[in-house]
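Student: The primary structure of each chain is shown beneath.
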Amino acid sequence: MKKSVIFGALTVAGFAAGAAAAGTLDDVKARGKLNCGVTTGLVGFAAPDANGEWMGFDVGVCRAVAAAVLGDPSAVEFVPTTGKTRFTALASGEIDMLARNTTWTFSRDVDLKFTFVGVNYYDGQGFMVPKDLGVSSAKELDGATVCIQTGTTTELNLADFFRSNNISYEPVPIETNAEAQQQYLAGACDVYTTDASGLAATRATFEDPAGHVLLPEIISKEPLGPLVRHGDNEWGDVVRWSLNALVTAEELGVTSANIAEMAAGTNNPEVNRLLGTEGNLGEMLGLDAGWAKNAIMAGGNYGELFEGNIGESTPIGLARGLNAQWTDGGLIYSPPFR
Amino acid sequence: MSDIGFVRTEMLPEQAPPASAVGIIGWCRANLFSGVVNSIMTLLSLYAVYAVLSFFLPWVFSPTWNAGSLNECREILHAQGKEGHFAGACWGVIRERWIQLMFGFYPKELYWRPILTFALLFVAVIPVLFNMISRRMNWFLLALVVFLATLAFSGIMAWILMIVSGLGALYLAYTLVSVNKTDRAEQLAAGAKRLPNPLMFTAAFPFIFPWLLWGGSFWLPIGAALGFVLGYVAYTVLARSIGGLVGLIGGVVAAAVWWLFLVGGFASIAESILPLSIEAVQSRKFGGFMLSITIGVVAIVGSLPLGIVLALGRQSDLMIVKALCVGFIEFIRGVPLITLLFVASTLLNVFMPPGTNFDIILRVLIMVTLFAAAYMAEVVRGGLAALPTGQYEGADSLGLNYWQAQRLVIMPQALKISIPGIVSTFIGVFKDTTLVSIIGLLDPLGLSNAIRADANWNGVVWELYGFIALLFFVFCFSMSRYSMYLERKLQTGHK
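Line by line, the protein sequences are chains A and B.
Sequential numbering of the first sequence, starting at 2, is according to this note's numbering.
Sequential numbering of the second sequence, starting at -2, is according to this note's numbering.
These aren't lab readings, by the way, just hints derived from the structure by calculation.
Careful: at least some of the hints might be erroneous.
Cross-link-like lysine-lysine pairs, in silico, DSS-like; alpha carbons within 25 Å at most [said to hold, decoys possible]:
#1 Lys85/A / Lys413/B
#2 Lys413/B / Lys486/B
#3 Lys413/B / Lys428/B
#4 Lys428/B / Lys85/A
#5 Lys34/A / Lys413/B
#6 Lys30/A / Lys282/B
#7 Lys190/B / Lys282/B
#8 Lys79/B / Lys132/A
#9 Lys34/A / Lys282/B
#10 Lys34/A / Lys140/A
#11 Lys178/B / Lys190/B
Quick list of the computed label-pair ranges, beta carbon to beta carbon [unchecked claim]:
#12 Asp50/A / Leu185/B: 39 to 47 Å
#13 Gln388/B / Glu180/A: 49 to 57 Å
#14 Val49/B / Lys140/A: 41 to 49 Å
Even for Gly, the Cβ is constructed at its ideal location relative to N, Cα and C.
Build out the structure end to end from the sequences listed, making use of the hints.
Tutor: Shown next, in the form of structure tokens:
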């Protein structure tokens, strides 16, 4: 039984290898599906619902790109990747893009040869403590036991922070977020540290969320964004500008509710260029004129995606903070559509 | 002399033993309270059991079956006056997600395919596993499964199949009931015609199995089966004209060439002449227990023959064969399964030409099968080593050649000795399938993580793990009981 499938697949593989030389954009168009790498499950960012449909903030980016390229937000194959398999999956071409809350760092960009096309969420490492502990600043945590996921940058950031403040801590190594929740609630550690978005999502699941506080210190920069392989700039541009289209749409007030009306033509030339009623931006990308319109209609603009998946109306309840538009004092900023 | 004397002239009737020596009381006295120390230990154990159950049972019997999120569970429990971290289980997550835990992302309208596959799997393995079942019974089961499957469909083909299989099942059921066992045995001894051996279906099943699960053209499994036919034909022709070894090599080469280069072409040509295909399902859609069972079944079925061949190779006198087998076994056993899975998921990707689409589940299936085969080889070698030399010499003295001796004398005994080891390797392999969650495949454990990533269920831990553990226990315990049945049947202990 094995053999039949093996050799069948090898035969298919032989034919598939021949067609791989073209660019990623052509591959995706020919395939009719976007292979998008996501996490195997992170609250608010990517998770399958009861019907097996993937939902979440990162998933929204995948769907926007699929809509821009193929005109269909459901033309996505979601490939769950773990922290260990994500980069090889992208490098080997198993996936066309990775939208998996991946921090943009120097070595990932330069050494691993990936192109981060932008940032869709500015995160940072924070601390959560029980209110009873009476701590209001991370600098008061001298001698605390800290639950920390092993083998991540958070571990290194923590060591740096405590050393530079000249205070001591005792690490309690844990493997997954679920384990961390259990350990923290059972009192095995005083403090739980991970990305602030993860802390908020974790706290939201507690019986008594008000009994725990997030400390004000954010001790690291974690710009999370979608990435593609080095060396295929046309494809990188498609993903980059699909993300930028979502951001610009929010800035210009284009939402999934009013987009049909706006696509008919407005007095704002930038909106017209974005939605393809003026200029030929889509053609430059190798897409049709309505590409950005499709991307925005897939799940709404950046702000709508944020509010729908991780914003204050959801159980996770993240404030926009750094992720507000630059016009509102945040860091979310798209280059102009011109 | 007084004549007072007493001699009983009749036997006393037997009396029931004292109440303290039999029944529950007697059993308790003999086993639980046979001394001071034992009594104290019994009381302590009872208290421990009580303490565990009094904590566990209220948690398990929690009326949260219909809850739609963890918070709803908490509200329900709160309304009952239960508070705290262990107030009660949140079973809503199982109600909402158990189908997902079973089938992963397999398309809903095609659930019948994995169900039919595993029903047929039972029909196919029964003649191998149990010899107490009659041929009629087996064909009846097959007809019944096919009949039940056709109920789900409409259309001419389904109707025809339904009527044929239904009538077949009815006829077989009638003969099953009406025919007397001893009469039948006499008829058979007199040379009555029997139904065909159900092992025919078992042999065909390895080709039906991937076709039903993955779908696609039916010509591909037929082509794969033709490879065996081709290899056999090449072997017989060459063996007759040139020699046994050349025949063997020629047969293998012919089959390999067919499988590697010609099957695809054959399938597409045949498909264009007579389209016979069902909707294809991508490997990515596999998940949950369906994935675990698929990997487990393939690894179990593939590893036993492979392991036997490796064990024989390791004992062989041919130097190259022996070196290859020892090298393979020691390499695979020296490397953790996780490493092999990482090789399958990442390293192979890097080595293969870009754009190559070598199915991830296929890679995992191959790796897990090879891994299990190496362990199986050593288990079987243990059985071979336990056989007295006299058995080998006896087989030789009968004039049997190598394969005859293995088939008729050595293997039946060696395998019988190794049954406990073989089955525990099977169980180990089945449980090891959960490791695939590390390379991003959503087996039950991987799915439990994905389910927790749903904002509604974030924080649910024990319920999911408990459910998964229960299902794994059912599978592994059945395998273990089967092994015990087999041992009893074959009387492995040299009593």
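Student: Now, for every hint given, state plainly whether the structure supports it.
Tutor: Structure-based check of all given hints:
1. Lys85/A / Lys413/B: violated (43 Å)
2. Lys413/B / Lys486/B: holds (10 Å)
3. Lys413/B / Lys428/B: holds (24 Å)
4. Lys428/B / Lys85/A: holds (22 Å)
5. Lys34/A / Lys413/B: violated (52 Å)
6. Lys30/A / Lys282/B: holds (21 Å)
7. Lys190/B / Lys282/B: Not satisfied, since the Cα-Cα distance of roughly 46 Å exceeds 25 Å.
8. Lys79/B / Lys132/A: Roughly 23 Å between the alpha carbons, so the hint for lysine 79/B and lysine 132/A holds.
9. Lys34/A / Lys282/B: holds (15 Å)
10. Lys34/A / Lys140/A: Violated: lysine 34/A and lysine 140/A sit about 49 Å apart, past 25 Å.
11. Lys178/B / Lys190/B: holds (15 Å)
12. Asp50/A / Leu185/B: 39 to 47 Å: violated (58 Å)
13. Gln388/B / Glu180/A: 49 to 57 Å: holds (53 Å)
14. Val49/B / Lys140/A: 41 to 49 Å: Cβ of valine 49/B to Cβ of lysine 140/A: about 44 Å, so the range 41 to 49 Å holds.
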